[in-house]
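Just so it is clear: in the sequence shown, position 9 is 9 by full-length UniProt numbering, and no numbers are missing.
Please note: incorrect hints may appear among the correct ones.
Unchecked claim - Label-pair ranges, simulated between beta-carbon atoms:
| hint | residue 1 | residue 2 | range |
| --- | --- | --- | --- |
| 1 | A211 | P283 | 34 to 40 Å |
| 2 | V183 | P104 | 44 to 50 Å |
| 3 | P283 | H144 | 18 to 24 Å |
| 4 | T13 | T58 | 25 to 31 Å |
| 5 | G141 | E9 | 26 to 32 Å |
| 6 | P78 | P214 | 45 to 51 Å |
| 7 | R269 | D239 | 30 to 36 Å |
Note that these hints are calculated values from the structure, not bench results. Where a beta carbon is used, it is the ideal one built from N, C-alpha and C, also for glycine.
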Amino acid sequence: MTWERLDAELADTAGTVSVYAGRLDAAPAYTRLPDRTHYAASTMKVAVLGALYRAADTGTLDLDAPVPIENEFDSAQPDAPRFRCASSYDDDPAVWARVGGHAPLRWLAHRMIVRSSNLATNLLLGHVGLPAVNAVWDLAGARHSHTGRGIEDFAARDAGIDNPVTAADLATLLGTIARGAQVTGPLATPATCAAMLDVLLAQEHREDLAAGLPAGTRVALKNGWVRGVRHAAGVVFPDDAPPYALAVCTSHHPDGGEPDQTARRLIARVSATVWAARRDLLPDRTPPER
Numbered sequence: 001m002t003w004e005r006l007d008a009e010l011a012d013t014a015g016t017v018s019v020y021a022g023r024l025d026a027a028p029a030y031t032r033l034p035d036r037t038h039y040a041a042s043t044m045k046v047a048v049l050g051a052l053y054r055a056a057d058t059g060t061l062d063l064d065a066p067v068p069i070e071n072e073f074d075s076a077q078p079d080a081p082r083f084r085c086a087s088s089y090d091d092d093p094a095v096w097a098r099v100g101g102h103a104p105l106r107w108l109a110h111r112m113i114v115r116s117s118n119l120a121t122n123l124l125l126g127h128v129g130l131p132a133v134n135a136v137w138d139l140a141g142a143r144h145s146h147t148g149r150g151i152e153d154f155a156a157r158d159a160g161i162d163n164p165v166t167a168a169d170l171a172t173l174l175g176t177i178a179r180g181a182q183v184t185g186p187l188a189t190p191a192t193c194a195a196m197l198d199v200l201l202a203q204e205h206r207e208d209l210a211a212g213l214p215a216g217t218r219v220a221l222k223n224g225w226v227r228g229v230r231h232a233a234g235v236v237f238p239d240d241a242p243p244y245a246l247a248v249c250t251s252h253h254p255d256g257g258e259p260d261q262t263a264r265r266l267i268a269r270v271s272a273t274v275w276a277a278r279r280d281l282l283p284d285r286t287p288p289e290r
């Protein structure tokens with residue numbers, strides 16, 4: 001009955017809502033449009049984190065090496081001019097305060113996740129490259145998600161180069177990192193996956209998925225938002241049940257700030273519903289949408 005009530009609420013919600021919820025070691029307990037693509041917003045930063053830590057795992061990059069903090073980047077659109085980020089569009093003044101100086105890659109990765117820094121994201125993309133980011137999606141088993149460009153690369157966006165994600169793929173990526181912290185998986189060594197998990201556990205934006213959980217619940221989380229879009233994906237670690245992955249993607253027609261508040265509350269309600277069923281997340285018998 002829990003899922004029937006949730007289905008009824010989501011069916012009555014404006015826009016498109018996709019959900020994937022399930023334990024890390026089993027088929028999902030609940031899905032709704034799990035393979036419907038959405039614009040990624042900042043959720044693509046989890047794949048950037050994976051590419052960075054994989055490079056460190058193989059010795060290609062030193063996470064503690066200081067790198068220049070500059071605000072100019074190559075576009076993913078061939079022959080387009082270099083582009084810049086706007087500080088007004090960023091949620092982390094700490095990285096902007098270092099423009100013209102240096103900072104370690106590890107620190108930039110932390111700011112990219114916990115404060116969702118766009119400037120840090122593009123700097124890291126410049127060091128790992130888009131192919132390495134897409135290799136992370138592939139290794140995790142993502143079926144419909146990829147990263148085609150950096151943040152605020154408007155020339156690439158206007159040329160049709162984009163960053164699609166699905167709820168199923170986000171849950172798969174987060175789950176792969178969480179499982180990889182326990183046993184060797186496809187992404188990196190357990191120590192490296194555990195380090196990535198620690199970064200995701202330190203998330204400071206907790207106004208959607210985490211808001212539906214009891215205070216103090218451990219959740220490795222990344223959310224993302226732009227006008228008309230709000231997503232959250234994470235792995236929740238209850239004390240009294242196995243960990244589970246939850247991803248909620250919402251896309252709707254943009255008409256001001258209130259829809260984002262509505263989407264935050266919706267994601268929190270979905271999260272609370274899944275939390276209430278955490279001890280009984282049995283596989284859904286309905287095949288996910290393909």
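Going down the list of hints, with the structure as the test:
1. A211 - P283: 34 to 40 Å: violated (27 Å)
2. V183 - P104: 44 to 50 Å: Since the Cβ atoms of V183 and P104 sit about 29 Å apart, the hinted range of 44 to 50 Å is violated.
3. P283 - H144: 18 to 24 Å: holds (21 Å)
4. T13 - T58: 25 to 31 Å: violated (43 Å)
5. G141 - E9: 26 to 32 Å: holds (29 Å)
6. P78 - P214: 45 to 51 Å: Given range 45 to 51 Å: holds, Cβ gap about 50 Å.
7. R269 - D239: 30 to 36 Å: The hint (30 to 36 Å, Cβ to Cβ) is violated, given that R269 and D239 are roughly 22 Å apart.
Comparing the model with each earlier hint shows violations of hints 1, 2, 4 and 7; every other hint is respected.
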